[in-house]
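Visitor: Listed below are the residues making up each chain.
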Amino acid sequence: QKEVEQNSGPLSVPEGAIASLNCTYSDRGSQSFFWYRQYSGKSPELIMFIYSNGDKEDGRFTAQLNKASQYVSLLIRDSQPSDSATYLCAVPTGANSKLTFGKGITLSVRP
Amino acid sequence: DTAVSQTPKYLVTQMGNDKSIKCEQNLGHDTMYWYKQDSKKFLKIMFSYNNKELIINETVPNRFSPKSPDKAHLNLHINSLELGDSAVYFCASGRSGTYEQYFGPGTRLTVT
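Protein sequence lines, in the order shown, are assigned to chains A and B.
Numbering follows the numbering used here, with no gaps: position 99 of the first sequence is 99.
Each number in the numbering used here comes from the position in the second sequence (counting from 1) with 111 added on.
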C-alpha cells in the first residue's frame with residue numbers, strides 16, 4: 001500500500017455544490033495532515049492542515065480526520081469555478097519534516 | 112515581497128549538458144527542500160537541508176547535487192542531463208520541527 005493514496009478523480013461538480021476530496025494513509029502513527037491546492041501551471045499552496053480527529057473549518061473549507069479509519073477528507077462548500085485545481089494531500093513520513101504527497105485529485109467546478 | 116523565489120523559471124537544454132537552478136527564501140525559515148513534479152503531476156521530494164546540513168537525501172541519481180551556501184539559499188546542480196530529467200522542479204521552505212512547507216514558483220526543465 002502506498003503511503004498516501006488519492007484514488008478518486010478527476011472530480012467535476014456544479015457551481016454551488018459540495019466537493020468532497022478523500023485521502024487515505026498507511027502510517028497509523030501519522031499525527032498531522034496537510035491539504036495543498038495547485039492551480040494549473042502554478043506551485044502548490046498550503047490551504048489546510050489538521051492534527052486532531054474530527055473537523056476543522058476555515059471559511060468554505062472543512063478538513064475531516066478519522067485516524068481509526070486512516071483517512072482525511074477535504075470538503076469545499078459552495079464550490080466556485082475558482083476552486084478548480086488539483087488538490088494534494090500530504091502526510092509526514094519519517095523524520096526531518098519530510099512530507100509525502102498523494103498524486104492529487106483534479107477538481108473542476110462547472111459554472 | 113516575502114516569498115520563495117527560483118531562477119530560472121524555464122530551462123530548455125540538450126541532453127548531456129550541465130545546468131543549475133537557484134532558490135532563495137526570505138521567510139526566515141531554516142529548512143529548504145527540492146521536489147520534482149513529473150508529467151503526471153506526482154510531487155516527490157529529492158533533498159532537504161536544515162541550516163546548510165543535508166537531512167533528506169532520497170533515491171536520486173548522483174548526477175543531482177544540491178548545495179546550500181546558507182539557510183536562505185538552496186541550489187540544485189544537474190550533470191549530464193537526460194530526457195527523463197524533464198520535469199518541474201520546486202523549491203520549498205519551512206521551519207524545522209514543523210511540516211508546513213511553502214513552495215517557490217517552480218522551474219520547468221525541458222531536456223531535448
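Wrong hints could be hidden among the right ones.
Unchecked claim - Below, a list of computed lysine-lysine pairs in the DSSO-like style, where the Cα atoms sit at most 30 Å apart:
1) B:K133 x A:K98
2) B:K163 x A:K42
3) A:K67 x B:K133
4) B:K178 x B:K147
5) A:K42 x B:K120
6) A:K103 x B:K133
7) B:K147 x B:K163
8) B:K178 x B:K120
9) B:K152 x A:K98
10) A:K67 x B:K130
11) A:K98 x B:K163
12) B:K120 x B:K151
13) A:K103 x A:K67
14) B:K178 x B:K163
15) B:K133 x B:K120
16) B:K120 x A:K56
17) A:K98 x B:K155
18) A:K42 x B:K155
19) A:K42 x A:K98
20) B:K151 x B:K178
21) B:K151 x B:K130
By construction, these hints were calculated from the structure, which means they are not laboratory data.
Visitor: All hints, please: hold or fail.
Guide: Here's how the hints hold up against the structure:
no., hint, result
1, B:K133 x A:K98, "holds, 21 Å"
2, B:K163 x A:K42, "holds, 27 Å"
3, A:K67 x B:K133, "violated, 39 Å"
4, B:K178 x B:K147, "holds, 16 Å"
5, A:K42 x B:K120, "holds, 11 Å"
6, A:K103 x B:K133, "holds, 26 Å"
7, B:K147 x B:K163, "holds, 20 Å"
8, B:K178 x B:K120, "holds, 19 Å"
9, B:K152 x A:K98, "holds, 19 Å"
10, A:K67 x B:K130, "violated, 44 Å"
11, A:K98 x B:K163, "holds, 16 Å"
12, B:K120 x B:K151, "holds, 19 Å"
13, A:K103 x A:K67, "holds, 21 Å"
14, B:K178 x B:K163, "holds, 8 Å"
15, B:K133 x B:K120, "holds, 10 Å"
16, B:K120 x A:K56, "violated, 35 Å"
17, A:K98 x B:K155, "holds, 10 Å"
18, A:K42 x B:K155, "holds, 16 Å"
19, A:K42 x A:K98, "holds, 22 Å"
20, B:K151 x B:K178, "holds, 27 Å"
21, B:K151 x B:K130, "holds, 23 Å"
The structure shown violates the earlier hints numbered 3, 10 and 16.
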